[in-house]
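Taken in sequence, the protein lines are chains X and A.
The first sequence begins at 159 in this note's numbering and counts up one residue at a time.
The second sequence begins at 159 in this note's numbering and counts up one residue at a time.
Everything labelled a hint here was simulated from the structure, so no lab data went into it.
It should be emphasised that the depicted structure is a prediction, and the values quoted were computed from it without experimental measurement.
Just so it is clear, CB atoms sit at the ideal spot from N, CA and C, and this is done for glycine as well.
It is possible that some hints are incorrect.
[Claimed, not checked] Residues on chain A that point at chain X, a partial pick, calculated with CB under 10 Å:
(1) Arg191
(2) Phe405
(3) Tyr409
[To be verified] In silico DSS-like pairs for lysine-lysine, Cα to Cα no more than 27 Å straight-line:
(4) A/Lys169 - X/Lys169
(5) A/Lys495 - X/Lys185
(6) X/Lys491 - X/Lys462
(7) X/Lys244 - X/Lys169
(8) X/Lys185 - A/Lys282
(9) X/Lys244 - X/Lys199
(10) A/Lys185 - X/Lys283
(11) A/Lys185 - A/Lys330
(12) A/Lys169 - X/Lys282
(13) A/Lys212 - A/Lys283
(14) X/Lys472 - X/Lys514
(15) A/Lys244 - X/Lys169
(16) X/Lys244 - X/Lys283
(17) A/Lys282 - X/Lys169
(18) A/Lys462 - A/Lys495
(19) X/Lys212 - X/Lys199
(20) X/Lys185 - A/Lys199
(21) A/Lys199 - A/Lys212
(22) A/Lys282 - A/Lys212
(23) A/Lys514 - A/Lys472
(24) X/Lys282 - A/Lys199
(25) A/Lys472 - A/Lys495
(26) X/Lys491 - X/Lys545
(27) A/Lys282 - X/Lys472
(28) A/Lys169 - A/Lys212
(29) A/Lys330 - A/Lys169
(30) A/Lys472 - A/Lys462
(31) X/Lys244 - X/Lys282
(32) A/Lys283 - A/Lys185
(33) X/Lys462 - X/Lys495
(34) A/Lys185 - A/Lys282
(35) X/Lys472 - X/Lys462
(36) A/Lys472 - A/Lys491
(37) A/Lys283 - A/Lys330
(38) X/Lys169 - A/Lys491
(39) X/Lys185 - A/Lys185
These are the residues of each chain, in order.
There are 2 protein chains.
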Amino acid sequence: MHTFTYHSPTKIIFGEGTVSHLLPELKASSIARALLLTGGKSVYASGLHDRVVKELGEAGIVTETVSGVQPNPRLSKVREAVARAKEMHAQAIIPLGGGSVFDSSKAIAAGAASEYDIWDLMLKKHPVTAALPIYGVMTLSGTSSEINDTAMITNEDTQEKFPFFNALVFPKVAIVDPVLQYTVPLNQIYYCSLDALSHILEPYLATADTCNVVSEHCEAYARAIIRCLRSLPQALHNYEIRSELAFCGTYAHSGWASVGRSRRGDFSSHRIGHALGAFYDLPHGITIGVIMPNWMQFAYDQGKGHEIFTRFAKNIMGVTEAPGNDFALAGIKEFRKFIRSLGMPVSLTEADIDAKDIPALADNAARTLPFGALVPMDVAAITAVLKQSL
Amino acid sequence: MHTFTYHSPTKIIFGEGTVSHLLPELKASSIARALLLTGGKSVYASGLHDRVVKELGEAGIVTETVSGVQPNPRLSKVREAVARAKEMHAQAIIPLGGGSVFDSSKAIAAGAASEYDIWDLMLKKHPVTAALPIYGVMTLSGTSSEINDTAMITNEDTQEKFPFFNALVFPKVAIVDPVLQYTVPLNQIYYCSLDALSHILEPYLATADTCNVVSEHCEAYARAIIRCLRSLPQALHNYEIRSELAFCGTYAHSGWASVGRSRRGDFSSHRIGHALGAFYDLPHGITIGVIMPNWMQFAYDQGKGHEIFTRFAKNIMGVTEAPGNDFALAGIKEFRKFIRSLGMPVSLTEADIDAKDIPALADNAARTLPFGALVPMDVAAITAVLKQSL
């Protein structure tokens with residue numbers, strides 16, 4: 159095993175009805191003023207937002223709400239919320255929503271505790287020295303944003319989608335109630351769960367140089383996500399399936415899949431996918447579904463990763479026989495077939511992306527180089543993956 | 159899945175040479191005075207203690223050392239260290255050692271921050287409201303004491319071995335360097351690793367009512383421990399095996415094996431084992447090795463756990479065929495055989511414990527009732543497990 163640091167300090171409160179834990183957690187830390195953050199309509203339709211406002215208000219906690227966080231969360235909304243948090247002297251940020259709402263809450267938590275603009279903090283022009291604590295309710299599991307210290311924020315002025323990492327923005331408390339996810343449209347569940355799966359596969363496929371137990375751990379979670387997604391359409395209100403899927407989505411990107419590896423993960427699929435997300439405002443899960451199997455095919459064609467792709471085929475995709483005994487190739491095909499079975503596009507064409515945009519997409523993705531562990535990437539390699547994805 | 163809270167805030171720094179991270183971590187929190195805590199001779203023989211004293215001293219951090227923490231750590235030593243910590247106005251506790259040293263450090267951290275006696279805090283006569291931060295170096299993985307909030311302390315006056323749990327005593331930083339464990343006698347590695355294995359099996363065998371991925375996760379770690387222990391005698395300086403074993407020992411008892419279960423674990427084997435430990439001062443791993451397979455046999459004879467014992471046999475012990483197709487029984491036998499292959503006793507007799515002590519042992523274990531999930535226990539059931547163990 160390679161040397162690693164693992165830190166996941168978030169307290170996770172998981173299960174049906176656990177929203178009732180929010181107030182006691184805030185009271186235990188004497189929070190008196192908090193900014194709520196929401197995305198689309200679902201937290202209003204489900205009653206979650208109004209319930210939280212009422213319960214906190216009755217307990218004497220002052221709240222204000224910034225709503226309208228969008229997928230691929232925008233810098234402008236972050237800036238708006240930072241201003242509101244400062245104006246109201248918020249002592250905590252309370253995201254109620256999915257990964258975009260949690261991601262935004264991290265940038266807001268850092269921005270609200272700084273005199274500098276959050277984009278300048280993200281560009282590391284100034285250090286992040288403090289952040290407000292985050293107590294959130296996750297309503298769409300898959301990003302693991304509720305338990306990690308990572309955010310992806312899109313600067314709509316520059317069409318840049320950049321990561322923000324800081325140990326000060328780990329949520330203090332993450333509440334995950336799988337029942338709140340019953341009303342999420344099935345395609346969004348698919349997108350988010352595929353994202354979770356990719357968070358396991360990025361490290362799993364990147365390097366063979368960890369200890370075997372970490373790879374077996376990855377395989378168990380990846381199999382579970384695939385198993386749950388296959389069962390879900392026939393069992394939309396099955397709590398066991400919903401909770402196992404939410405559980406896997408919560409933990410997928412906590413960092414454990416990377417422990418002991420020489421590299422945290424490959425993440426070429428993510429970096430190229432983020433470029434698609436920034437240009438076309440596609441759901442992140444769709445960009446992963448389009449790019450990842452094609453990145454696999456690209457790597458396979460380069461003669462890379464044969465051993466781990468074979469293992470992926472047998473231990474995750476459940477491939478038991480393969481033409482010409484080529485399990486690696488059969489596993490990639492099976493993965494693509496699985497994504498298509500979810501009704502998701504597996505090519506740029508199916509995602510309505512024009513081949514003429516490839517140079518611009520490659521250029522955008524290349525701005526975050528270096529990346530790529532199984533295959534180290536450059537502009538030519540990124541272009542090759544995009545062409546493979548046509 | 160059942161509702162759960164999971165919280166494991168300790169920052170783990172794992173790998174060869176990671177002791178160098180101790181000083182920067184202390185400096186980052188402005189620690190100026192710290193009490194070191196050690197057990198036997200190994201941290202002196204390896205140079206670890208002197209190195210830490212020198213590095214911290216050169217950086218202006220005042221240290222004092224309390225040495226001589228024993229296995230089944232004693233209350234008297236905890237009280238001695240609490241007094242020293244108070245006298246020197248320690249701002250942190252630095253355990254350098256194994257599970258007993260870490261366990262003791264937790265009681266010391268709470269005791270040093272309280273006006274009350276630590277045993278009274280353990281008996282919950284007064285609440286624990288504060289604790290000094292713990293920054294430790296684990297030199298014998300298996301207890302997971304470096305990343306959980308649990309301690310077992312023996313009151314030698316009353317022959318009671320009681321648990322102490324408190325979220326305030328999670329170590330802040332745990333450093334695990336597998337190379338520091340090369341010089342530990344092999345039998346101690348066996349004891350500690352068997353303890354780690356039991357920390358996975360207690361929840362795994364207790365209830366079938368979690369999601370499947372958690373059980374598969376348990377199986378991967380249990381298999382890894384068994385695989386590493388089988389390879390170790392022929393590969394004492396193999397870093398891959400050492401690090402995988404240390405990694406599994408670190409994580410086994412962090413709490414993840416219990417998530418989503420209706421009960422955290424069975425823990426009958428632990429409770430009865432603790433009684434043996436308190437009476438005979440046996441290494442904890444030996445008491446587990448004696449009791450756990452016999453508890454399994456007891457449960458099997460009561461007609462309990464057939465399904466999970468079958469799964470244990472196939473997915474952990476690797477049993478591929480069984481007389482009369484009774485995999486459950488074959489798995490229990492294989493587990494006993496495995497423990498014996500480590501040169502460890504698998505019965506009270508082999509551990510030099512007299513049958514006449516059974517009533518007193520049962521009475522001692524019964525003081526911590528209620529326990530037992532697969533089979534709820536009482537004095538008669540405890541006695542039956544002990545007789546099964548003869």
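May I ask which of the numbered hints given earlier this structure violates, with the numbers listed in increasing order? Of the numbered hints given earlier, those the structure breaks are 1, 5, 13, 14, 15, 20, 22, 23, 24, 27, 32, 34, 38 and 39, listed in rising order.
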